[in-house]
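Using the hints provided, position chain W relative to the given structure of chain R.
This is what each chain is made of:
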Amino acid sequence: MSPPILFINRIDWLVVVDFAAIGYDLYLIDHLGLASYSTPMIDKSVNNISAAVADIQSGSVVLSSGFGDAGAPVDLLEALIETDAENLTIVSNNAGEGNYGLAALIAAGKVSRVICSYPISAGSVVFQDCYQAGEITLEVVPQGTLSERMRAAGAGIGGFFTPTSAGTELGKSKECRKISGVEHVFEYPLKGDIALIRATRADRWGNIVYDKSARNFGPVMAMAATLTIVQVDEIVDLGKLNPELIITPGIFVDRVFVHNG
Amino acid sequence: MTAVLEKIGLTRPQVAWRIAQEIDEGSYVNLGIGSPEMVANYVSTNREIVFHSENGILGMGEAPAPGQEDGNLINAGKKPVTLLPGGSYFSHTDSFVMIRGGHIDVCVLGAYQVAKNGDLANWATLDTSKPPGVGGAMDLAVGAKRIFVMMDHCTKTGKPKLMNKCTYPLTGSRVVRTVFTDLAVIDVTEDSFVVREITAGISFEELQEKTDAVLTLSENWQTLAPPDV
Numbered sequence: 001m002s003p004p005i006l007f008i009n010r011i012d013w014l015v016v017v018d019f020a021a022i023g024y025d026l027y028l029i030d031h032l033g034l035a036s037y038s039t040p041m042i043d044k045s046v047n048n049i050s051a052a053v054a055d056i057q058s059g060s061v062v063l064s065s066g067f068g069d070a071g072a073p074v075d076l077l078e079a080l081i082e083t084d085a086e087n088l089t090i091v092s093n094n095a096g097e098g099n100y101g102l103a104a105l106i107a108a109g110k111v112s113r114v115i116c117s118y119p120i121s122a123g124s125v126v127f128q129d130c131y132q133a134g135e136i137t138l139e140v141v142p143q144g145t146l147s148e149r150m151r152a153a154g155a156g157i158g159g160f161f162t163p164t165s166a167g168t169e170l171g172k173s174k175e176c177r178k179i180s181g182v183e184h185v186f187e188y189p190l191k192g193d194i195a196l197i198r199a200t201r202a203d204r205w206g207n208i209v210y211d212k213s214a215r216n217f218g219p220v221m222a223m224a225a226t227l228t229i230v231q232v233d234e235i236v237d238l239g240k241l242n243p244e245l246i247i248t249p250g251i252f253v254d255r256v257f258v259h260n261g
Numbered sequence: 001m002t003a004v005l006e007k008i009g010l011t012r013p014q015v016a017w018r019i020a021q022e023i024d025e026g027s028y029v030n031l032g033i034g035s036p037e038m039v040a041n042y043v044s045t046n047r048e049i050v051f052h053s054e055n056g057i058l059g060m061g062e063a064p065a066p067g068q069e070d071g072n073l074i075n076a077g078k079k080p081v082t083l084l085p086g087g088s089y090f091s092h093t094d095s096f097v098m099i100r101g102g103h104i105d106v107c108v109l110g111a112y113q114v115a116k117n118g119d120l121a122n123w124a125t126l127d128t129s130k131p132p133g134v135g136g137a138m139d140l141a142v143g144a145k146r147i148f149v150m151m152d153h154c155t156k157t158g159k160p161k162l163m164n165k166c167t168y169p170l171t172g173s174r175v176v177r178t179v180f181t182d183l184a185v186i187d188v189t190e191d192s193f194v195v196r197e198i199t200a201g202i203s204f205e206e207l208q209e210k211t212d213a214v215l216t217l218s219e220n221w222q223t224l225a226p227p228d229v
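The listed protein sequences correspond, in order, to chains R and W.
Our numbering numbers the first residue of the first sequence as 1 and each following residue consecutively.
Our numbering numbers the first residue of the second sequence as 1 and each following residue consecutively.
Straight-line C-alpha distance at most 16 Å; calculated EDC-like pairs for lysine to aspartate or glutamate: (1) 174(R) <-> 139(R); (2) 79(W) <-> 69(W); (3) 110(R) <-> 135(R); (4) 79(W) <-> 97(R); (5) 159(W) <-> 212(W); (6) 130(W) <-> 129(R); (7) 110(R) <-> 82(R); (8) 110(R) <-> 129(R); (9) 130(W) <-> 139(R); (10) 79(W) <-> 62(W); (11) 156(W) <-> 182(W); (12) 78(W) <-> 97(R); (13) 130(W) <-> 135(R); (14) 110(R) <-> 84(R); (15) 191(R) <-> 139(R).
If you anchor each label on the Cβ, the simulated ranges turn out as follows: (16) 48(W) <-> 48(R): 48 to 58 Å; (17) 217(W) <-> 193(R): 55 to 65 Å; (18) 46(W) <-> 204(R): 48 to 58 Å; (19) 48(W) <-> 132(R): 44 to 54 Å; (20) 129(R) <-> 204(W): 47 to 57 Å; (21) 79(W) <-> 158(R): 31 to 41 Å; (22) 237(R) <-> 103(W): 32 to 42 Å; (23) 217(W) <-> 246(R): 56 to 66 Å; (24) 234(R) <-> 192(W): 57 to 67 Å; (25) 246(R) <-> 66(W): 33 to 43 Å; (26) 172(R) <-> 46(W): 44 to 54 Å; (27) 192(W) <-> 251(R): 46 to 56 Å; (28) 71(W) <-> 243(R): 21 to 31 Å; (29) 46(W) <-> 226(R): 51 to 61 Å.
Note that these hints are calculated values from the structure, not bench results.
The C-beta atom is built at its ideal place from N, Cα and C for all residues, glycine as well.
The following block holds chain R by itself, in its conformation from the complex (with noise of 0.2 Å):
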């Protein structure tokens, strides 16, 4: 006997077809006496840009892809500046440059922290001037350990020990074991709420692919957010994208967005 599932909206749908197949959630339909439900078929795609980003609260954690403008969700993160969202953190592995995307959310005022690798690329002026008036809070992590917090999320690790900054000041206030020898640190997990995400081409099951260098941060931030909005160029119809390439399975996704610019 089945027990009683309610299908209350369409992100409960993907639950259910994540772990089963198709053919037995029209079972269940039946079954459940619910046959009168439109034919269920998985959309991940979202038409508007202020849509894909409407439900992000305040005080999210917000990941964030890109190295460099390389894979940066320029569109998705001003989107952003016009919701009533306010008192994000923000995880990417640098804190703006110019003053568009990261570096306009930042001087909207809608971010009270940063958790990055290197905050001062060239042209990251917009940061620096905030954290120099007191107005966001910095935490600098060293670039693999950010990697491996947000993988450990994501993989439903607890933490690892890792020897990067152990005897450094980065390292200094946490715990210590040493391991065959070498002095290592223990580092948590780093989940986010959110992750906003730039990559080429989608299905409209979520399965994504990027560009060169472009993919770094995007598949790992796309497994340790609860929510994954993924902004790329393209939809193609299901199975257009060849299943030995695909590089984030849509299973880590929520929502494609198109935007061609």
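Same frame as chain R, but now just chain W:
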């Protein structure tokens, strides 16, 4: 009036050339941002060395021709590069698996200071007026099989950079294998600097004067005289 100060020591390109001679065929190599990038210019084209970039590239090639730049194909310094046949792209997680997991044979980094026990200081100065930023330096320092440091022997104001103990914040402890400066090639052993090569025209005594830590001269030391590259 004649020229007052003749520059002693190697040029940066000559130091880069010297480091390139130290890298074996088939090596996987990560070059730090700035001067270390020059090392790639002196790896002869008939030797296959695979360059890694922390942002997810193996088989990185040189800068593209003007007009051929691709904003999605950049190096760790965020400058446009190319991909060689056989090259690959991967995520940050995989890239730092390569780095931290000991899969990179050689990493060449710049430094503010190196101590005689191999301590490396290259990520932060004592100036706290600017926010700090570490990038991938700490992961590279602990992860690569061999850490080469490329730096001037002294600061612009003549202060030593090869130290008994680093006074700048550490990037990693006991990680440096060999230091290549404009004046010498110096190996780091358990707890001392051993001079392997000295640039032509400089005496060991002069080298010692410009160094904070006590130097040991290798029995097999040689004169370093690179070509005019």
